[in-house]
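Student: Since the structure of chain A is provided, determine the placement of chains B, C, D, E and F on it from the hints.
Number of protein chains: 6
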Amino acid sequence: MALVPNEAIAAEVEMGADPSTVRATVVQASTIFYDTPATLDKAERLLAEAASYGSQLVVFPEAFVGGYPRGSNFGIIIGNRTEKGKEEFKKYHASAVDVPGPEVDRLAAMAGKYKVHLVIGVIERDGYTLYCTVLFFDPQGHYLGKHRKLMPTGLERIIWGFGDGSTIPVFETPIGKIGAAICWENRMPLLRTAMYAKGIEIYCAPTADARPVWQASMTHIALEGGCFVLSSNQFCRRKDYPPPPEYVFNGTEDDLAPDSVVCAGGSVIISPSGTVLAGPNYEGEALITADLDLGEIVNEKFTFDVVGHYSRPEVLSLNVRDHPTRPVTFTSAKTEDSK
Amino acid sequence: MALVPNEAIAAEVEMGADPSTVRATVVQASTIFYDTPATLDKAERLLAEAASYGSQLVVFPEAFVGGYPRGSNFGIIIGNRTEKGKEEFKKYHASAVDVPGPEVDRLAAMAGKYKVHLVIGVIERDGYTLYCTVLFFDPQGHYLGKHRKLMPTGLERIIWGFGDGSTIPVFETPIGKIGAAICWENRMPLLRTAMYAKGIEIYCAPTADARPVWQASMTHIALEGGCFVLSSNQFCRRKDYPPPPEYVFNGTEDDLAPDSVVCAGGSVIISPSGTVLAGPNYEGEALITADLDLGEIVNEKFTFDVVGHYSRPEVLSLNVRDHPTRPVTFTSAKTEDSK
Amino acid sequence: MALVPNEAIAAEVEMGADPSTVRATVVQASTIFYDTPATLDKAERLLAEAASYGSQLVVFPEAFVGGYPRGSNFGIIIGNRTEKGKEEFKKYHASAVDVPGPEVDRLAAMAGKYKVHLVIGVIERDGYTLYCTVLFFDPQGHYLGKHRKLMPTGLERIIWGFGDGSTIPVFETPIGKIGAAICWENRMPLLRTAMYAKGIEIYCAPTADARPVWQASMTHIALEGGCFVLSSNQFCRRKDYPPPPEYVFNGTEDDLAPDSVVCAGGSVIISPSGTVLAGPNYEGEALITADLDLGEIVNEKFTFDVVGHYSRPEVLSLNVRDHPTRPVTFTSAKTEDSK
Amino acid sequence: MALVPNEAIAAEVEMGADPSTVRATVVQASTIFYDTPATLDKAERLLAEAASYGSQLVVFPEAFVGGYPRGSNFGIIIGNRTEKGKEEFKKYHASAVDVPGPEVDRLAAMAGKYKVHLVIGVIERDGYTLYCTVLFFDPQGHYLGKHRKLMPTGLERIIWGFGDGSTIPVFETPIGKIGAAICWENRMPLLRTAMYAKGIEIYCAPTADARPVWQASMTHIALEGGCFVLSSNQFCRRKDYPPPPEYVFNGTEDDLAPDSVVCAGGSVIISPSGTVLAGPNYEGEALITADLDLGEIVNEKFTFDVVGHYSRPEVLSLNVRDHPTRPVTFTSAKTEDSK
Amino acid sequence: MALVPNEAIAAEVEMGADPSTVRATVVQASTIFYDTPATLDKAERLLAEAASYGSQLVVFPEAFVGGYPRGSNFGIIIGNRTEKGKEEFKKYHASAVDVPGPEVDRLAAMAGKYKVHLVIGVIERDGYTLYCTVLFFDPQGHYLGKHRKLMPTGLERIIWGFGDGSTIPVFETPIGKIGAAICWENRMPLLRTAMYAKGIEIYCAPTADARPVWQASMTHIALEGGCFVLSSNQFCRRKDYPPPPEYVFNGTEDDLAPDSVVCAGGSVIISPSGTVLAGPNYEGEALITADLDLGEIVNEKFTFDVVGHYSRPEVLSLNVRDHPTRPVTFTSAKTEDSK
Amino acid sequence: MALVPNEAIAAEVEMGADPSTVRATVVQASTIFYDTPATLDKAERLLAEAASYGSQLVVFPEAFVGGYPRGSNFGIIIGNRTEKGKEEFKKYHASAVDVPGPEVDRLAAMAGKYKVHLVIGVIERDGYTLYCTVLFFDPQGHYLGKHRKLMPTGLERIIWGFGDGSTIPVFETPIGKIGAAICWENRMPLLRTAMYAKGIEIYCAPTADARPVWQASMTHIALEGGCFVLSSNQFCRRKDYPPPPEYVFNGTEDDLAPDSVVCAGGSVIISPSGTVLAGPNYEGEALITADLDLGEIVNEKFTFDVVGHYSRPEVLSLNVRDHPTRPVTFTSAKTEDSK
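Protein chains in written order, with my numbering: chain A, 53 to 391; chain B, 53 to 391; chain C, 53 to 391; chain D, 53 to 391; chain E, 53 to 391; chain F, 53 to 391.
Chain A extracted, bound-state conformation:
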């Protein structure tokens, strides 16, 4: 793997940055599918590289650990699923990570070693249900918490569970308030508003959507939320997935050529005024880096503060049920829940 940092960005990123400035990197790279230890090794290499440029924050794509099973249909047709599909799911389940668990410990250690804030998409295993989750770590090597995707898209609803209101965190850190929304969650206006209300300043958008119109949403969110938006997507070719027949693409025997691009990336960093600071990159795996001047936020909020002076709470008010919802609750656990 030879990652080329986006050149334009490299020029823009100078050493000795202003203390009110945060250097941030979005990682555009592919999972090593069905091989979680190798994927974690790759994550560490990328992290090390970003840290070497002075990055204080590194954002990985959706499902980087565990993988985004692009092109698969898990043998599902309405009313049935194949044995082969069941086998696929068993492998996919095995690639996921428990939270907490040893893989999470390893990610925390990495963040601490390279002294970066780390935001990374994983497939979380909670018993027999999987979740599309983003984990947050601080430079001291602590696991901070997680966001579970609230609403999977299309076929994702077959393989992932749905998050609830208790995992929409925004963490206050020394480099600003950080949170994440995954892929088409970014098209959910009420979810975004919940995050705006928590004061998000660095809005991470790990995704799997590489279409050009994705850029419009990223720019819009930066304007709407008055925040920096960091969107990170995988860049994958067919060969980044196992070859057929182990892994069948698009449910067809006539598979794609190994070098076919199956996810074109488009990772990008945008400022609160809607200015593109770095990216979008549709060329290959890359580290995309920019310096975020947090002082720009007040400039933009002066004219538009979506949950402040530009809201009309007496007309429009959003209610966020952020208690955990569980199918079964044991009364002995209630005290803990209410904390």
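Errors might be hidden in some of the hints.
Which copy is meant is left open, so a pair is good if it fits within one copy or across any two.
DSBU-like cross-link-like pairs, simulated, lysine-lysine; straight-line CA separation at most 30 Å [unchecked claim]:
hint	residue 1	residue 2
1	Lys353	Lys229
2	Lys229	Lys291
3	Lys250	Lys94
4	Lys291	Lys167
5	Lys138	Lys291
6	Lys136	Lys167
7	Lys138	Lys229
8	Lys198	Lys229
9	Lys143	Lys229
10	Lys291	Lys136
11	Lys167	Lys94
Keep in mind that the hints were calculated from the coordinates and are not lab data.
Tutor: Below, chains B, C, D, E and F alone, put in the same frame as chain A:
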């Protein structure tokens, strides 16, 4: 006035359109400032022209009738305002229209004469308070209702009052469900969600924002709402406003050259998939027309229905207080109010 | 700074006051603009001086901490704002205080040290939106609560958010029931009536309006509410603000002379019968003090009790929505909110 | 009677006034007590004189017809009343006027003859209950309607009934929207707000309060309501009432000297900016005249519109029950009532 | 104080009464004016004495606590009031009781100690407005609720506010349904009908009317309502009020002789058939006691049930608005209000 | 028949009375049972006599024409009635009068001949249903209208129908506003209030109740309504009814002695202050006359106006359905009804 219809559009717009298709025009033209009768004459000419191309829906910019007092500051500084500023306001107040009132009657008659749905930005006068309002008319010549801007931006807060939840209409018409959000209201996620919940299909966005980033928001809304977005802005030069000293631009003696472009337009029509159907036009006054295939909406909603299968109401719920709020209510008027 | 207490008042204020009498001081002094620590130092000196005369209650002007940006227009014109204006707002935002926060702690400590009830106008920072707020402290050094201005005037609407019904407090204290309305809020009859209904006895009116007609409103409120009215305004010269070009007055290059009076004060104390007890002072910075005989209230209410025997609730009734209104509510915070 | 028009006013009032200007006169004169026909004759002479100066609107004091029984106590003590007091009331009842009735017809005819809008305080007799009422007439000689005092003050509560919400009219006339509040009703903020909501432009305040603080309330109302305020009070000497023992003043044998001033007037006309246009006159009977430039209203409302852009209806809302309230309703009369 | 129980009654009242019989006492005694603690002491002595005869219900006169300011006129004449009158009101205001408040607690404790139902007239202080109120307590020492006089008579309108429909209670107790109407409220047919509709059985009529015609009304009400009527009035001499000049009687220097009877009592107990069971007593302070045979009620209702078989609801129907009416309502208090 | 006018009254009634005074007579005399022509002859003699004293108004008892079937039970037991009872009813039905009809014409002629206002109780026949009715005539010999008893008492409900809201008239006449309530209708507070609302000044109470407690109700009504009350009852001995067995008294063979008094009269005239002007007479047949000083009404209403200043319509309001109610309505008659 010699308006040239956007050529690309003209090619795309063929006669004998599909019955499930709606031909729509957004008008990009300037108010004749301080002259409401002349502005209405101009509106009629533009409407006639659009109708001659077969348009069924015509959308005019924000404040087309009454005017957008760009560049003025009404002599206001913190803690004071000049006599000249008060005089300016008196003229501006005089240019506004009562709803209902004779100008509204004239607009209704125009819509009926040219058999179009008409959506038009006006400055509404309600006693001594003005509102930035959009009026809706049907091809039978009826006034349907109005939307009042909920939250004016910046200095607008000095000259316009604030709407409430009772004027966020979406009208069910033979050509689809039509509503409007004005300028930076389009950046209010809760307001948009209220309109999505009312089932909006043709989302009109009269605006005064001609910056390129505006396009990102329009595309995002089309994707988020799964609706057609029709954004209409004025194209104005300095000379479309009265000359100094009657009207001072940017609070400075050294005014702009008469031909300076002070609002560059950027009117656009976008489909639910985020495809730009016509525009944006930054060249001059124009009629921008496209055929809207309403069948595209279901295509997009299949994968993303922001208030349907892609919502999470048990976690995120929006409350819209849509009763009128009035400082004083007379009980004898209640029957009338409840109409 | 050499503050001369109003002489007529000094004579009137004798030591050994009646226990049913409250000695109150309104402060007429200027913010040290863009320098909040120095402004707090000045507040402490003024407080100490008032306490040395035996004052039990000290009322500071609107925006004393944070400053009233008189003469500025923050570079705003309709549809635009200058970069310089944005910079100004950034500085103004930086001068504001979080509530709670370190400046509030310092003010509480001052009130405790000098054993006075303290009512003081501040610019409150809540995320990226500012509010024009009055804070209340008791002589034991506790912060009691705050009032946020409900409706800013003119250009203030660009720089300050709008309060809601949850911050219209009237505090029951050993020296009477105390509340505050800021500047032209005092012209809002429904707001005043809400405060009368809460039983206000000492009505504080921090203001920025130095016009002679302000006195009429103060006298009227004393009569209407049957309460003492204490109006406190800044006395400022041009030189109390930064010099140009850092701070531009009246949007003009030809700035005012440094000694020009830009806010003439007019602070005053009025009894429930409409008698002026002290002030108005239009001469300079001053402490204006009077003894308030709370027994006068019942005398006046005997003939006119605006929310008692002189109301007609079956004909005219006011509804005050005093729950907090927020664009987003998190259910986990509800218990806390309802306190 | 030799009425001298206020000289300063006479100078100010020039012929050939601007068409947007209204010439208005407030009458400061005494009732001829217990002699209603003579009082009506006097009203006609005053009206004729005002009309000869070109007045379009003439406002008479509270209770001009029927009389304000100043200084009397109708022999009432708690738990008892004297026979003499009952006799006094019988005479007072006889001096009152039925509405409609012959005296009202005469007043209507006068208004028509002199072609003025007439606003006049009367004592209205409705069966055995009296009301302190203001009647309105147009220059075509039509009776327009009435306002009944909602809440009498002090001893007035013994002799007058209480109005309800159905008689708080504001009449739209060619010279502006006219209404009236009587004496201390002007201190009822909710009543004033009801009138503001009806769009009052010419606010008449017939009164019996001649204290200097009354002026503050008048100025405040002009500012608060953004309207012209015309306050009319009687100027009476002891001798304008019957001599003792028929009419006893202040419940004492030692009556006042015949020339003692028992009501000093103070009639005044104030503009929406709080500027005193004419009066207050404390010298004697007088006609006080000013030209009202209705264009000033929009100037003032631009910055403060108490029921428009400066209201906060979602926080503070007033309910006015303006249906007639009657102890007994006959269903057969309902159609008539609902008119 | 040497109270002699009415002898005829004493004979009639035998020990060991029938269980369906209620022994009731009406107290005829004077307030100790301007001395509320002493008045409460006196109330306790009277209660103890009544309880010693076996009384289960004790009814005190109107305004027993706080006092009925007979003969005073609070210095009021039309259009003015004296300083002395204002001072009188201040003292009177100070003698009133807050509800709830310490005096109410003491009364509740008394009722509990002597195990009687207690109905007592008080002057209630609600902020600066006073109300003429009757309080109800049960033998367990609980405060049950209150009735506020709806419409004060004559000069009372100057010193007391007006009750509303929310305080017309009838309490269901083990000894029957108990309510109260005060003084001339008993002449309000609609109010009585409201109480009949609530099923009143023991109708208490605390009063200040000692005229013989009062007896006719009491008998009529017993017949009309088919209920027991217990009327309690004070017996006062001039010397029960402070001497002049502190307290001036009948507004005259030539005051009454100290032993003059200024309120002659006339307290009485009447059965549903119109039979006088005890009293009227016009001799002096007294406890007037009778045994009420509740079985008589059904006898009378058999022939005349005013809200039952003898009503004509399809022709005559009374509407009672019994929600509280308040000039200002705070939404946060609504839950509390609805209790 | 030798009628002796009540002597005390005769003395009181002097000739040449005050023009504001009305001389009124209540007739206390018995029907000639089962002989309507003879009863009418007797009525004429009594009328002539009253007129000879100068009476302007003459009031006859309940059921004077047609008779009050005292002591009879019409053979009714629950579930059955005797043939004899049916015969009795047939005779009673025959003695009644149609309205209009020849007896009504005769009564009208009498009133015209003697130039008196005549109010007289009759049994009205409407098909096969009888009503207990009062008829009104003017001195010009016109029949004015009727009042039908709304609710018969006890056994009356078997022989008389129930009136409705359309026959509760109050007639405006030159001698005042006159109406009537019959017997225990006078105990219906809502009915009385309806009549008070119509402005009744001369309240006639034809009755059959001769118990002493009746006096209390009459006095109370005078006070409550602020009106003159004229109660007229029959004075009857057993012998005024047919002898047994034609007419059986009290359902017993052992009939009463012929001279037994079976209705003791008690007719009375009371002033608005509750003063008994004439009667009650329990001695025999009599004409009871008094002069009514209508000016007393205003004296009493000054302190208590039950439907004016002493009402609380916003709390207590009475609805009177005064349209005729009929079991069958023919649409062709509707226009007439709605007049």
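Student: Can you name, in rising order, the numbers of the hints this structure does not satisfy?
Tutor: 2, 3, 4 and 6
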